[in-house]
Amino acid sequence: MELAGIEPPLYSVQQAIDHCNDLLTVVELKVEGEVSGFSISRGTFAYFSLKDPSGEALLNCFAIVHALGSPLEDGMKVIITGKVKIHAKSGKLSLNVRILELQGEGSLKRAFELLKKKLETEGLFAQDRKRLLPRFPARVGIISSADAAGYGDFRRIARDRLPGIQFVLANVAVQGIQAEGEIVHAFDYLNSHYELDVIVLIRGGGSMEDLQAFNSELVARAIVRSKAPVLVGVGHERDITIADYCADVRAATPSNAAELLLPSKDDVINLVAQLTTIGQRMVERHIERQRGTVERLVQFSNQVLTNAIARSQQRTAVAMQLVHNQLVQQLQRVRERVERTAGTIDAVAPVKTLARGYSITTSGGVVVRSSTQAKAGMPLTTRLHDGTIESTVN
Amino acid sequence: MSDKKSSFDLSASIAELEVLERYFQNPDMNLEEAIVKHKEALELSKKIIAYLNTVESTLKQINVNELKNQE
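For the record, the sequence lines run as chains P and S.
Following numbering that gives the first Met the number 0, the numbering of the first sequence begins with 0 at its first residue and continues without gaps.
Following numbering that gives the first Met the number 0, the numbering of the second sequence begins with 0 at its first residue and continues without gaps.
This is chain S alone, in the form it adopts within the complex (with noise of 0.2 Å):
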């Protein structure tokens, strides 16, 4: 759990993302910045998907009924 916290930090990702989305709520924001910043924040989601998917793989990966079965 700390080494993938260390490698991807789900919280401030989606902080980081939530302050992309507010900075296109400016109606003056610069052309070219927000060009950048969208490209930034495009690859940002491409991460975190990514990073929602592995955890989800890995949760499906757990079979509860072994645990129930154990003895």
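Bound conformation, chain P alone (with noise of 0.2 Å):
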């Protein structure tokens, strides 16, 4: 471009190189094409070409591969947002991707299947990295369009099973090139601010393409790496997204998320009974264990007292014999006694001595014991065991 009467400035390779750069930077492309020659260097980043259905035109690309958020390869109808620039070393102009899109069921599909295929084998979807959802969360967010028909049905179900849970909307768009994006930061956002029980991602049915964000890697990476479990809910029963895949939980619709998260009243009321019957069951057993011990226990002590009782009586018994047998030898020992000096009475008195011939004379009362006491004309008396003889000394 030349204008009249002004002479362009003289620059050296490189400075019109920049200079056109800066010239290039307020223009933003958006083309599309057919992806081809697609490479990935040192896994960062991604070279391809777009080119027409002819093939008669091709323009070069340049993306940061974390970035492109579905997987390319060639073949694929995408169209690219980006800025264009030109490399200084190869000459070569370069539009550098900023968003990028998939075009027609077939990139659609065939990007879920790689991204599928990626995922899975680095393990996003394995089973024992699944965690539970609380039976009874308390706090939940939510990430979906407060206009979205899928987000009215969660809400209204939810109040209708149990009321009561706060919930934390995050706001975002659920389709369309800033979904991706309002997506990823919401669940950060989230898990940053608050301590959330539950983080459910909800969107109603729509096609292959108004689902793409749930099909995103970027957006799969953000459920993994949630603090909170993830609980999806998007589309229709069919849609199964590559968000499903990732969650802790899939539900089939936005309605059965909310019939997943929360127990229904019923629910609530037959937990109740069931935890009050095995309470009554536990205390019950506990009784009867209890019951079995103080049983155990009764008969313990009836069985040592009874044996004490025994011993006791064995020895009152034993006692008693002792006591007998030493009154009888008591009692024996007085008799002896009593006949021993009953019979020395009789022995020594006088009755037996005079009948046995003997006799005692006596004289005025005074027993006269030798001959040369008697005097003549003395009167005495001779007493023998039958009677008496009176007579005088001559």
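The set of hints was computed from the structure by calculation and includes no laboratory data.
Each residue gets a CB set at the ideal place from its N, CA and C atoms; glycine is no exception.
Treat each hint with caution, since some may be false.
What the hints assert, rightly or not - Okay, the calculated beta carbon distance ranges per label pair:
hint : chain 1 : residue 1 : chain 2 : residue 2 : range
1    : S       : L41       : P       : V317      : 39 to 47 Å
2    : P       : E338      : S       : E31       : 22 to 30 Å
3    : P       : S358      : S       : S10       : 36 to 44 Å
Could you fit the two chains together into a complex? Lean on the hints.
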């Protein structure tokens, strides 16, 4: 381009390229074409060309791999939004990818399969990675569009099932170019700002193109790294997205997500009844065990007491036998003593002596023990065992 | 036991018999008195023996084995 009357400045090649690039910074292109010559360098940089269906026009493209959102391969139809830049070393013009949109069901399905295989290989779908949802969540984060019918269904059913839950809504676009970034940001925001029991990702049904944000690698990784377990309820029952595979729990629809997330009032009542029954049984079993213990202790105590009584009875009987024997012996000793005393008395009693033929002579009541005591004319009384004889001394 | 003691005092009776025994060891005993005391001693001896017989009979009636078998 030459302006009339103005001589263009003279540039070096580098200056010319820099000048062109300065001019191109304000130009953002949205280009539709077919991917060709796709390659990844050092696992980070993606290089490919966009070509028209005729194959007669090529546009070089460059992207950071992790920012692509979807895997690419040759033959896929895409729309690339980005800015163009001339690379000084090669002198080639390149479209730097800011937004990648897959075009046509074939490309979407192929990208889906490629991403599914990749993430599955990495273990993102593994069952042992899945976390259980809390039975009675108190604080739930929701990532959805406040205007979406699916969100309305979810809230209505959730309210009917169990009121009193605190919901934190991250209002995001659930389709279109902005959806992927907003969803990823919502996960990071909710996890860093709230202590949530669950995060629910909700969207109603739609075409595969509409649901493309839920087949995004960035969204998939946001789900996997979420601190709170994630429940995904996207689309209709037949729609299975990459987000569904990554979720800790997958619901067939937003309504089903509410049902899986919250127990119904009847469920709670039944659970309380079950727990009450279990509690009663436990108490009954405990009482039964304690009753058994008490019975065993009583039985044991009875046995100990019975044994003690039997021992006491035996000792008493033995003692009584000793007492009895001693009494009998004592009685015998007393009897012998009495008989001996009585025998002695009987032996020395004068009556017995008189019976053997002896006599006692007295005079005036005095016993005459010697013949020298006798004087002539002295009256004597002689006592025999059966009577007395009166006489006089000659 | 207290009834028995009030009706017959064995210890006192034996002591009394032993006093009589000592009496008969005195060579200057009065004959008439000795004869009376001899009778007393005989009767006292009979009483004591009768009492001892009663006690022995009572003891024999007590079956110690019954005590052993009591529950």
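> E338(P) and E31(S), beta-carbon distance inside 22 to 30 Å?
Replying inline: Once the Cβ atoms are compared, 27 Å apart, the range 22 to 30 Å for E31(S) and E338(P) holds.
> Lying within 36 to 44 Å: is that true of the beta-carbon distance S358(P) to S10(S)?
Replying inline: Given range 36 to 44 Å: holds, Cβ gap about 39 Å.
> Is 39 to 47 Å right for how far apart the beta carbons of L41(S) and V317(P) are?
Replying inline: The hinted range 39 to 47 Å holds for L41(S) and V317(P), with Cβ atoms some 42 Å apart.
Checked against the numbered hints given earlier, this structure breaks none of them.
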